[in-house]
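Order-wise, the sequence lines are chains S and P. Under the working numbering, the final residue of the first sequence carries the number 254; numbering is consecutive throughout. Under the working numbering, the final residue of the second sequence carries the number 342; numbering is consecutive throughout.
One or more hints might be untrue.
[Stated by the list, open to error] No more than 16 angstroms apart at the CA atoms, straight line, and that leaves these computed lysine to aspartate or glutamate pairs for EDC-like:
| hint | chain 1 | residue 1 | chain 2 | residue 2 |
| --- | --- | --- | --- | --- |
| 1 | P | Lys-68 | P | Asp-211 |
| 2 | P | Lys-201 | S | Glu-213 |
| 3 | S | Lys-149 | S | Asp-84 |
| 4 | P | Lys-15 | S | Glu-231 |
| 5 | P | Lys-99 | P | Asp-138 |
| 6 | S | Lys-149 | S | Glu-61 |
| 7 | P | Lys-331 | P | Glu-317 |
| 8 | P | Lys-308 | P | Asp-101 |
| 9 | S | Lys-202 | S | Glu-231 |
| 10 | P | Lys-151 | P | Asp-101 |
| 11 | P | Lys-201 | S | Glu-217 |
| 12 | S | Lys-62 | P | Glu-292 |
| 13 | P | Lys-99 | P | Glu-145 |
| 14 | S | Lys-122 | P | Asp-67 |
| 15 | P | Lys-63 | P | Asp-324 |
| 16 | S | Lys-122 | P | Asp-148 |
| 17 | S | Lys-214 | S | Asp-148 |
| 18 | S | Lys-122 | P | Asp-101 |
| 19 | P | Lys-304 | P | Glu-292 |
| 20 | P | Lys-299 | S | Asp-250 |
| 21 | P | Lys-51 | P | Asp-211 |
| 22 | S | Lys-75 | P | Asp-148 |
| 23 | P | Lys-243 | P | Asp-40 |
| 24 | P | Lys-308 | P | Asp-148 |
| 25 | P | Lys-186 | S | Asp-157 |
| 26 | P | Lys-53 | P | Asp-67 |
Just so you know, these hints were derived from the structure itself, not from any lab.
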Amino acid sequence: MTQQYSPSELLICLASRVMEDGTTAFIGTGIPMLAASLAQAMHAPNLVPIFEFGGTGAILEKLPLAVGDMRTYNKALAASGICDVMETAQRGFVEFGFLGGAQIDMYGNLNSTVIGNHAHPKVRLPGSGGANDVGSACWRTIAIMIHDKRRFMDKIDFITTPGFLSGPGAREEAGLPRNTGPYRVVTSLGVLGYDDETKRMKLLSVNPGVTVEKVIENTGFELLLAGHITENEPPTAEELRILREHVDPDGLYR
Amino acid sequence: MIFHHYDKILLFKSKNEMNQFTKSIPIFEEGEATLIQPIDLDGFREHNRKKTKKLVDKRMTEKEAIDKFVKSGDYIGFELYGTVRCPMSLTRELVRSGKTDFRIVGQGVHELDLLFAANMVREIDFTYISLEVYGISDNMRRRVESGDVTKVVEWSNAAITWRFKAASMGIPFIPTRSMLGTDTLKKSSAKVIECPYSNYKVALLPALFVDTGFIHVNRADIHGNCQIDGISGFAFEMSRACKNLIISTEKIVPTEEIREHPDRTIIPYYLVDAVVHAPYGSWPGEMSGMYERDEPHYKMFIEKQKTKEGMDEYMKEWLYAFNDHQSLLDKVGAKRLQELTL
């Protein structure tokens, strides 16, 4: 029998499964922290989390609440500073980067700066922080998003963090490192990737009980569809147990 | 292709045509914003020459340090980030000082919440101001969306720190591969050029000099030799980019203790103008290896900051009610502080 789980728990499990063992991942606040912690306990004991303010290779026994807190360098391999980790990414050492945002477009460009006009904003958002650097320098980026039409937009209000910009060749033309860019979008409705040729977002799999039509309805641009769209496995009993007992015992993300 | 030649803008059909004409480095793109803080390398050198190199006693109170080294309109900066290793005792004193109209580097959340609440900020080099897992800062939103903050210039996190790094190197800019192709660059003061050695396109980031910087550390001697435990954030770079630097420290230690572990010194004394002894100086935030964040207090603050009225109450109760840091600690209470201590 399948256990009940919350939408956040599903997102955490899906993001966790994308993380590979024995590589480096730039981890931001929130769901990526829980996903990295879960991945270390499940299939990726040698995942090396890298945090913006200098923590490298922490063992995530307690959930960090901020990218600079003590838990981001708990039993870590190194505790340096922001220049070191950002320059490490710029030199090509960081495989995965996790991102979020208020808006995303079909090329995976993200907005976390402003809703409305920059000079007279309707909503002033937190700003780039490390997101622009992660989106510029990590080899493959994974965005984690709530999936609806207000967030998946044809034209976003502000490009904070580069995806594929205006399409094929645009990152290289802008001067961004070659062979880098968006890799996956893990959402409340499914998992998406990008078409190799057009660099446009493509639906790869849907979450349990979600139809392809529902994903299309909740996307504000024309979505490409993979030839064979699968259904994601719900969180397993083991994933939920580790998540609830070890990763997030206080239930901050339940 | 656009080329800025003194006050003229020249247009060319190709890069080659332009290079033949100018023998100059073309600017492909530039951010719209003018610099909030001008670059004066030789002025900085001359300022640094005048700073004492003697091992003198620089201890003073928060109030004395702010009276002496801060004036309204200054460009000011804080380290570290979120609620971690924040110079909160200095921040509270700065708010009480009544000095205002600051230009700031928008990095380091909790200090800025208090400055926004007191409407002391006019211009921001903005990278990230938020409450992390607790959502967007309503203090920041109220001031930016209302226009109380008159100028916002965008940067990435690495860009801000690399700008400090350029200043710390004593050079006017640093080339990087961040911000390219985005609106973040358009709303910054970065410029995109082609590297004259390699043909890579790079974003040039202007050096960032701070009039007065505030950094909280684990321990320092009376001269200002500072050691930090755990991650060093951007203390190394920012401390070297400050004209004036005020340090608050959990502990004052003998210089001999510094000399026993010189490899731990992140900030050497000659950078420092004032040393303020502030135990629990990052409260309600945390301090590496010493104490944890006061989560119930911080959650209470999160609720209060949602409305202007709530935040005004918070400021009255937790900032304006005191004349100094010790009286605040007395209110928090020794028992509570002990519970937070690791």
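A quick look at each hint next to the structure:
no. : hint                      : in the structure
1   : Lys-68(P) <-> Asp-211(P)  : holds (12 angstroms)
2   : Lys-201(P) <-> Glu-213(S) : violated (42 angstroms)
3   : Lys-149(S) <-> Asp-84(S)  : violated (38 angstroms)
4   : Lys-15(P) <-> Glu-231(S)  : violated (50 angstroms)
5   : Lys-99(P) <-> Asp-138(P)  : violated (22 angstroms)
6   : Lys-149(S) <-> Glu-61(S)  : violated (36 angstroms)
7   : Lys-331(P) <-> Glu-317(P) : holds (10 angstroms)
8   : Lys-308(P) <-> Asp-101(P) : violated (19 angstroms)
9   : Lys-202(S) <-> Glu-231(S) : holds (15 angstroms)
10  : Lys-151(P) <-> Asp-101(P) : holds (12 angstroms)
11  : Lys-201(P) <-> Glu-217(S) : violated (40 angstroms)
12  : Lys-62(S) <-> Glu-292(P)  : holds (13 angstroms)
13  : Lys-99(P) <-> Glu-145(P)  : violated (23 angstroms)
14  : Lys-122(S) <-> Asp-67(P)  : violated (38 angstroms)
15  : Lys-63(P) <-> Asp-324(P)  : holds (8 angstroms)
16  : Lys-122(S) <-> Asp-148(P) : holds (14 angstroms)
17  : Lys-214(S) <-> Asp-148(S) : holds (10 angstroms)
18  : Lys-122(S) <-> Asp-101(P) : violated (24 angstroms)
19  : Lys-304(P) <-> Glu-292(P) : violated (21 angstroms)
20  : Lys-299(P) <-> Asp-250(S) : holds (15 angstroms)
21  : Lys-51(P) <-> Asp-211(P)  : holds (14 angstroms)
22  : Lys-75(S) <-> Asp-148(P)  : violated (44 angstroms)
23  : Lys-243(P) <-> Asp-40(P)  : holds (11 angstroms)
24  : Lys-308(P) <-> Asp-148(P) : holds (14 angstroms)
25  : Lys-186(P) <-> Asp-157(S) : holds (13 angstroms)
26  : Lys-53(P) <-> Asp-67(P)   : violated (22 angstroms)
In summary, the numbered hints that this structure violates are 2, 3, 4, 5, 6, 8, 11, 13, 14, 18, 19, 22, 26.
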